[in-house]
Every structure is written in structure tokens, then in C-alpha cells.
Amino acid sequence: MLAFTIRRLGQSLFVLVVMAFLVFLGVYAIGNPIELLVNPQADDVERARATAALGLDKPFLEQFGIFIARAAGGDLGRSFVYNIPAIQLILDKLPATLELAAVAMVLAIALGIPLGLLAGLKPHSFIGRSIMAGSILGFSLPTFWVGLVLIMLFSVQLGWLPPNGRGETVLLLGVPVSFLTLDGLAHLAMPALNLALFKLSLLIRLTRAGTREALLQDYVKFARAKGLGPGRVIGVHVLKNILIPIVTVIGLELGSVIAFAIVTESIFAWPGSGKLLIDSINQLDRPVIVAYLLVTVTMFIVINFVVDVLYSLLDPRVRLGTVAAH
Amino acid sequence: MTASAALLEVDGLRMHFFTKAGVVKAVDDVSFRVERGRILGLVGESGSGKSMTGYSIMGLVDAPGRIVAGRITLNGVDLATLDDAAWRKLRGNRVAMIFQDPMMTLNPVLRIDTQMVEAVRAHHDVSRASALERCREALARVGIPSPDERLRNYPHQFSGGMRQRVAIAIALINKPDLIIADEPTTALDVTIQGQILFEMQRLCRETGTGLIWITHDLSVISGLADDVCVMYAGRIVEAGPVDDVLDRPMHPYTRGLLDSVPSRNTPGRPLAQIRGMTPSLLALPEGCAFRERCARAVDECRVAPATRVPAAGRALRCVNPVA
Amino acid sequence: MRVATAESPPPAARAAGAESPWRRFAAEFFEARLAVLGLALLVALIAVAIAAPLVSPQNPYDLAQLDVLDSKLPPGEHSSTTGKTYWLGTDDQGRDMLSGIFYGLRISLAVGVASTVIALALGLVLGLAAAYFGGWVDAAIMRIADIQLSFPAILIALILLAVLGQGIDKIIAALVTVQWAYYARTVRSSALVERQKEYVEAAKVLALSQRRIVFRHLLPNCLPPLIVVATVQVAHAISLEATLSFLGLGLPITEPSLGLLIANGFQYLLSGKYWISFYPGLALLLTIVAINLVADQLRDILNPRLKK
Chain A
30 MLAFTIRRLG QSLFVLVVMA FLVFLGVYAI GNPIELLVNP QADDVERARA TAALGLDKPF
90 LEQFGIFIAR AAGGDLGRSF VYNIPAIQLI LDKLPATLEL AAVAMVLAIA LGIPLGLLAG
150 LKPHSFIGRS IMAGSILGFS LPTFWVGLVL IMLFSVQLGW LPPNGRGETV LLLGVPVSFL
210 TLDGLAHLAM PALNLALFKL SLLIRLTRAG TREALLQDYV KFARAKGLGP GRVIGVHVLK
270 NILIPIVTVI GLELGSVIAF AIVTESIFAW PGSGKLLIDS INQLDRPVIV AYLLVTVTMF
330 IVINFVVDVL YSLLDPRVRL GTVAAH
Chain B
42 MTASAALLEV DGLRMHFFTK AGVVKAVDDV SFRVERGRIL GLVGESGSGK SMTGYSIMGL
102 VDAPGRIVAG RITLNGVDLA TLDDAAWRKL RGNRVAMIFQ DPMMTLNPVL RIDTQMVEAV
162 RAHHDVSRAS ALERCREALA RVGIPSPDER LRNYPHQFSG GMRQRVAIAI ALINKPDLII
222 ADEPTTALDV TIQGQILFEM QRLCRETGTG LIWITHDLSV ISGLADDVCV MYAGRIVEAG
282 PVDDVLDRPM HPYTRGLLDS VPSRNTPGRP LAQIRGMTPS LLALPEGCAF RERCARAVDE
342 CRVAPATRVP AAGRALRCVN PVA
Chain C
1228 MRVATAESPP PAARAAGAES PWRRFAAEFF EARLAVLGLA LLVALIAVAI AAPLVSPQNP
1288 YDLAQLDVLD SKLPPGEHSS TTGKTYWLGT DDQGRDMLSG IFYGLRISLA VGVASTVIAL
1348 ALGLVLGLAA AYFGGWVDAA IMRIADIQLS FPAILIALIL LAVLGQGIDK IIAALVTVQW
1408 AYYARTVRSS ALVERQKEYV EAAKVLALSQ RRIVFRHLLP NCLPPLIVVA TVQVAHAISL
1468 EATLSFLGLG LPITEPSLGL LIANGFQYLL SGKYWISFYP GLALLLTIVA INLVADQLRD
1528 ILNPRLKK
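Chains as they are written, first to last, in my numbering: chain A, 30 to 355; chain B, 42 to 364; chain C, 1228 to 1535.
The set of hints was computed from the structure by calculation and includes no laboratory data. Warning: the hint list may mix true and false statements.
Stated by the list, open to error - With a straight-line Cα cutoff of 27 angstroms, these simulated BS3-like cross-link-like pairs (lysine-lysine) come out:
(1) A:K151 with B:K130
(2) B:K130 with B:K216
(3) B:K130 with A:K250
(4) B:K61 with A:K269
(5) C:K1299 with C:K1500
(6) A:K269 with B:K66
(7) A:K122 with A:K269
(8) A:K122 with A:K151
(9) B:K66 with A:K122
(10) B:K216 with A:K250
(11) A:K269 with A:K151
Could you put the whole structure together from the sequences, leaning on the hints where they help?
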């Protein structure tokens, strides 16, 4: 177990360095580094000064070394637009994004697994087929279009929910969160639902497929042969088996939810890091783009690593190994 | 003579699968009895309907299969009258089943104690501690050492033979009247097989539990069972006390099965076999299902033979028997 | 008592004898009404897209045909100059929405299909190479694919476009980059399974050239799962392109796809002029749903595990 963890940790670090290198390559080799890191409005004198200051006249690998060193220390440049360190900008906006992502994930799981289970248990019934049809719809609809429709319906037509922005926040452990206020929830409702839709459909389909396969297994017949009621057979025997792959998928999808939040945040003007990214791209605030990339990549690698470890913990066959004793 | 009514009576059981390709008569007019403490062997090749008979008795037939006719009586109770709740009280309690591959029948992600305790607590309102005590006893009875440690293990941590013993322990834990064992030793080594057979026989004699042993292997039956039913294409073609049937088989199929067991042939000569192949249950020939492979087939075989009683305690579906 | 000779064993119980695999495939496909519906819808959409200049009431990108006085008219209104009906309304420049949708459909489909085909070709080559050569070639290709697949497509595409800029070729490049790994992985696993099979050994023994082995033997057996993946991926590509265009990073304004049309109309949403965004969105939705319906049925048919 320990060996496994260390190995995965090593792999993760390797990927991190590779990604950092690729980002660096993208910035310094493909793009014009001076354009990227210096304010586009700077004149030639300033550019020369910036070049020297940023070490852009040094050899490539040395620059990469400096870049890594600075990054490890948390210095990823300053935003052109706001003139504060890029990393601070991103960390300021991150809680909003994480809150949105977390609420969306919770929604998707709380609705997706029960609905998928139901669809798997009664695949040919009306409700089973409706759930599947619904999931195809949820899967196919482009996220931004759903957001559009939601706004049309709930804000313009019905006037129930606010179409953009984040609601009132309160501090929870020093971090501002909005789901604890009513106003916050009203603002969270549509974006979270919008973001959750795709994952919800995915989970429904996964759970349904897993349930259908599980029901064909012998251990279900054996459980029934023991006289166990359907509640226990499904709630314990089937559920525990299908949860393992589902948990893995959820873990991996968490990263994807954070990425998709970019779109949702743009539609609903949710003040998170995704909106920051789009604004930065449009405003050519390059240091923020680079910083966002690195933060996100790091988050992903960490998430993947944690999921791997969790999976090995959950599946007793992986955790304990096969010890065939007599 | 019959002071005790039979433990299990199956009478004219028919179970069909209604598939898109047609109706499959998996069990076609099967009748037999099992007495308390007696062991019945149900022999046949795959597709003969033997496992399906077992499932029918347990009430575990799933769509697209359905029991269409016949009566199953356990301890005098007609099982067709039972609703879901009554079935659940019966399964694992008065009648239990052991399946072929214990790796697949034990849930791989649940601990052994979980799977054993739930079998107890489904039928008895006892504390977990007291249920665990019963589990330890059951494991000891099937010869598994250090039960406390073993209870905390997962199925993949056992060897094949041990897993099957656990499955047997679970079957026995509520002291059922009848156990149905569906090819429980097919997936195991021959030596383990011998051990398990011996244990099962002993346990049944000791506890007076009836046992139906389903297998394709005649040699297993000869050492274990008291009575035997030979099945082919969903029907019982021959039945009777095991020594009787194996020494003096009457049905050509039974004869063919016995002849094809390697030890019975003189070494150096080609192995005898029953020519032809088992017909698909979707396209059975008219009349006797064995007709097209039988060296003794006559014109009368085109009409499905009814079950006759050619001698005391024997049953036979054949118009041109061997003996 | 006569002893009749036993007859030969009965024929196998196949009700209809030997059917051609295509006919059986078609039969299974058309079993699901939804899939047929999807297919019909898809054919209709493709037809409209290809024939856009012919079926559109107006060429929305020919400035001479536009009348800015007709801008932001709701659906069903008539043009003040030509008297034609704007079935789905007009946008802020006076362009007929219906025509805009037809032309936009063209671009969306073209970009989606083109990027899928290129990604498929690339993934096929790399996947086959990885499976056939094994060793470090395999490890290298798969490592890259794995790393790429562990990041969400939208992120990769966004960054690529941020670096590369706008343009139809750049968006196709981004879409290809995002997609090739799926194909490579699918092809590789199919090819690995096939490679173990004996006919490859036989072919090697016969000293057939490597190219021949790969193309004539490995390839045809890897195709079914690939077809399923490709179909779904077209829908993903279209959806992704629409999202990127919506965010302002995709196609330039002179070649609007459905995504860009939706983006244009977004600002008018809150003032009640929903049709400028809504109908292009509906068209996009129908396209993706149609493709997914067809792909679902294809997957069910071609999946051996569900064949019980």
C-alpha cells in the first residue's frame, strides 16, 4: 500500500513538471514571451528593462529553472489589469468556483445515483425508460444552452431567480461561502443545476449500467436464496459493488466540473476563477492565464492522485491483495 | 410404510422460458420425491433442466422464465400458494441452496461475517453477537479452523475449497430441512471434491437434512446419493435407487452415460460415446427427445413416452429399454 | 418390433437460416424507434446544411440583402421591404434567423465532422502503431494519451486557442488535439486483442509485409468500437466548438457557427428578445440529440457484452 502510494506520488510530480514545462514552452517558444509577460502598452525602453528583469535574455533552460523556482515560491507574475500578483487574484476567486462545483457535484450525486438505480432495476418500465431518455437529453444538451433556457424561464418569464452574480456570503472557517444564506442559495440554484446536468446524466447512465450488470451476477441470486429482502439485496449487495467504479468516476469528474464551471460562470456572471480566465483571455492579461493554468493543472494532478489512492482503499481486493490461505 | 410424509414432493413440474426465439421448455413434466435425511442425485448434461428444477423449488426463476404447471410441496405446504414475504421466510431457512462457483456467489466486496450474519438475522431476531456465535459454530462444523480470523476476511482471501465450505456453512446455518446443491464441486480439484462430498454426506446423516445434489458427473452420484433421477432435455428419463439404476440401467441414455465413463472401458479400446449432440431446446424432435441419438429407437418413439414403473421403486420413460 | 435407423442430428435451431450480417444489423438498428427517429432527423439536418444556399430564404451574409430596419423582429413578422416572412425572427443586424441557422448548421457540422475525421485518422495511426510495435513506442504514445485524457477537453481547447488565436483552422486543430487520444486508446485495445489472435501469427509466418498485416487484418476488426466512438465524438466536437465560439474564442465572426449565433443573441435575452439565441440553440440541440440517439443504438448493437 505504501509502495503504491509513493509510486503514484512520484508519477504525479513527474506529470506536474512535464505540464509546467509544456506551459512554459507554450509561453516562451510559441507565443512571444515579451508580449506575454509585459504590458502590451509598454514602450521599447520598458520592454528592454522588463526583458532584463525577467531574464528573457538568458538561455531557455535557465529560464525554465527560474520559472520553476519562482512558481514553487508562489510568484507567478503580476496581473496587467489589476496589478496585483496573479496568484493572489486566482486564489481570491477560487472559493466561488469551488463552491459552485461542490454544490453541483452534490446535486448530481444525490439525484443521479438513486435515479440510475431505479432505471437499472426497472429498465423496461415507463419510469425506467423516461429516466434514460431524460439522461440522453441531459447528456446531449450543450451546457451553455441549458443555462440560456434556465435564464429565459426562471428569470425572464417567471422572475423567480436572479440571472447572474453571486449572493450574500458569510464566512465559514475564514472562507466566504454563499450557500448558507437564502439570497446565496437563490443565486446558486441555476448555475449549480446547469453545471450538474451533464454529470447527472452521466451518473444516471453509469449507475444504470452498473446495476443491470450487477443484477445478473450470481451473488445476487445467492443473496436472495438466503432469504434476504430486496431492500438489503439492492441496498447493500448491489450498491456496494457498483459504488466502487462510480466513486472513481466521480473523483475524476470533479476536475472536469471545475473546468466546465468556466462556461457556467460566463453565462451567469458568477465571480469565480473561470470567469476570470475568460476575461483575462479577452483582455490579454497573460500572467493570469499562465497562473490559472498552473493552479488548475496542479489541482487536477492532486485530484487524480487522491482518487487513485481512494480507489485502492475502497476495493478490498486491491487493498488486501490475494492471500490464499488454507 | 410411509409413516413420515415426504419432505419434498415435486409433481408434474413444467417451467418454460418465453424468449424472442421461441418457448424453451427447460423443465418438462418432472416428478420426484425426497425423504428426510435422504440424498437425491439429479444427473444430466448442461441444458437438461436440472439446475432449473432446483431454481424452481427455490422460487428463484426469473423472467423470461415461469413455472407454467405442476405442484411443489415442501413439508406439506404447496409452494405455489406462497407470496413474496412467505418465500423469503422459507429461503435460507427451511430450504437452502449452494451454487456452483463460490467466487461468484459470495459477494466480493463484503466480509464473510457480514454475509453470514445477514443470513441468520434475516430469519431470527437475535443480536449480532449471538448471530456471530452461530457463524463460528457453522464454520467449525464445515471444518474451517480459526473461525474468528476467517470471519473478518473477504472471499478472495480464501481458496476455492474453503469458499465452498463457507457457502455450505451458510446453507446449513439456519438448519434447513432441505438443501439443494447445484454442482458445488464442479469448480474444485478432485481431492477437495472428495472431502466436500464426504462432509456433506456426514452432515446430512447427522442432521436429517434432505439433500438434492445436482451434477453431470455420475461418479459423484454413485458414492453419495441414495436415489437418482437422470434428466435429458428437461424430462426425467429414468429414476430409482442409485445402486439399482447404476447396476441395471434401463434407459439407453443412462446406459450410454455409464458406458462413456472411462474407467468402465477396457484400456486400449476407443472410448464409447453417445453419438450426436444434445438438441437445442428450441428445436426438440417430436416424441422422445433422445430418439435421434438412440441406437434402440423404434417407430413408437415418435410419440413422447409416458413415465412407467417397470419395477419397484424405478421410473422410466422409454418404450424400448435396455434391460 | 422394427428398429429404425437413427436419423442424423437435427439442424441447428436458427429460425431464419444464414442471414447477411448487414441485414441483421439493419434489423436490430431499426428495432428502436428512437434510433430511427434520430437517424431521420440527422439526415434531414445534414441535407439542409449541405443545401443551405438553396433552401435558405435569404443569404444572411450578403450585405446587399439585409435591411437594418428589420432588425430584432420577433418570429413570424414580415419584412418591411420585401414582404417575406421571417419565420424565426431576425437578429440585431436584420438577418433572417432561419437562414442564419441553416448556414450556421453548415459550419457547425463541417467543423465537427472534419475535426472528427482528422482526429480519427491520427488516432488510428497512432493506436495501431502503439499496438503493433509495442515497447517504448507503445509506452510513449499511451503516456501522452493518458495525460491528455486526464484533463478536461474544454480546458485544453481553451488554452490552445488562447495561444493560437482565432480562425477555423485553429479551432479544428484544437478539436483534433482534444479528440485523438480517445481513438488511439480504443484502436490500441482492439488491436491488442486482435494481435493475440492466431491469424496474425499465421500472417507473420507467411511473411506478409507489416503494412499488409496491419491494414488487411488488424484494421477491419478494430472498426466496430471505433465507429461507435466516432459517432459520439462528432456530437462532442460540435458541442465543444459551439461552447468555444460562445465564449468568444472560436470561429471569427465572418463564419458564424451555431455557437456564435447563440453568443450574439445572448445579450438580448434579458430584454425578452429570446429568439436570437434560442432558435440557433434549438438547432444545435436537435443535431446533438439526433447523433446521440443513433450512437446509442449503434453501441448497444455492437457491444458484445450486452448480447444475452
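Cross-check of the supplied hints:
1. Taking the CA atoms of K151 of chain A and K130 of chain B, the gap is about 25 angstroms. The hint holds against a cut of 27 angstroms.
2. Of the supplied pair hints, the one linking K130 of chain B and K216 of chain B holds, its CA atoms being roughly 13 angstroms apart against a limit of 27 angstroms.
3. With a C-alpha separation of about 16 angstroms, the suggested pairing of K130 of chain B with K250 of chain A holds against the 27 angstroms cut-off.
4. Under the criterion of a C-alpha separation no larger than 27 angstroms, the hint pairing K61 of chain B with K269 of chain A is inconsistent with the structure, at around 33 angstroms.
5. Distance restraint check for K1299 of chain C and K1500 of chain C: the Cα-Cα separation of roughly 7 angstroms lies within the 27 angstroms cut-off, and the hinted pair is therefore satisfied.
6. A threshold of 27 angstroms between alpha carbons decides the hint, and for K269 of chain A with K66 of chain B the separation of about 36 angstroms lies outside it, so the pair is violated.
7. Note on K122 of chain A and K269 of chain A: the hinted pairing is violated, with a Cα-Cα distance of about 37 angstroms set against a maximum of 27 angstroms.
8. The straight-line distance between the Cα atoms of K122 of chain A and K151 of chain A is roughly 44 angstroms, outside the 27 angstroms bound, and the hint therefore fails.
9. A C-alpha spacing of about 68 angstroms is found between K66 of chain B and K122 of chain A, which places the hinted pair above 27 angstroms, so the restraint is violated.
10. Under the criterion of a C-alpha separation no larger than 27 angstroms, the hint pairing K216 of chain B with K250 of chain A is consistent with the structure, at around 20 angstroms.
11. As the CA atoms of K269 of chain A and K151 of chain A are separated by approximately 19 angstroms, the hinted pair is consistent with the 27 angstroms bound.
Hint compliance for this structure: hints 4, 6, 7, 8, 9 are broken, all remaining hints hold.
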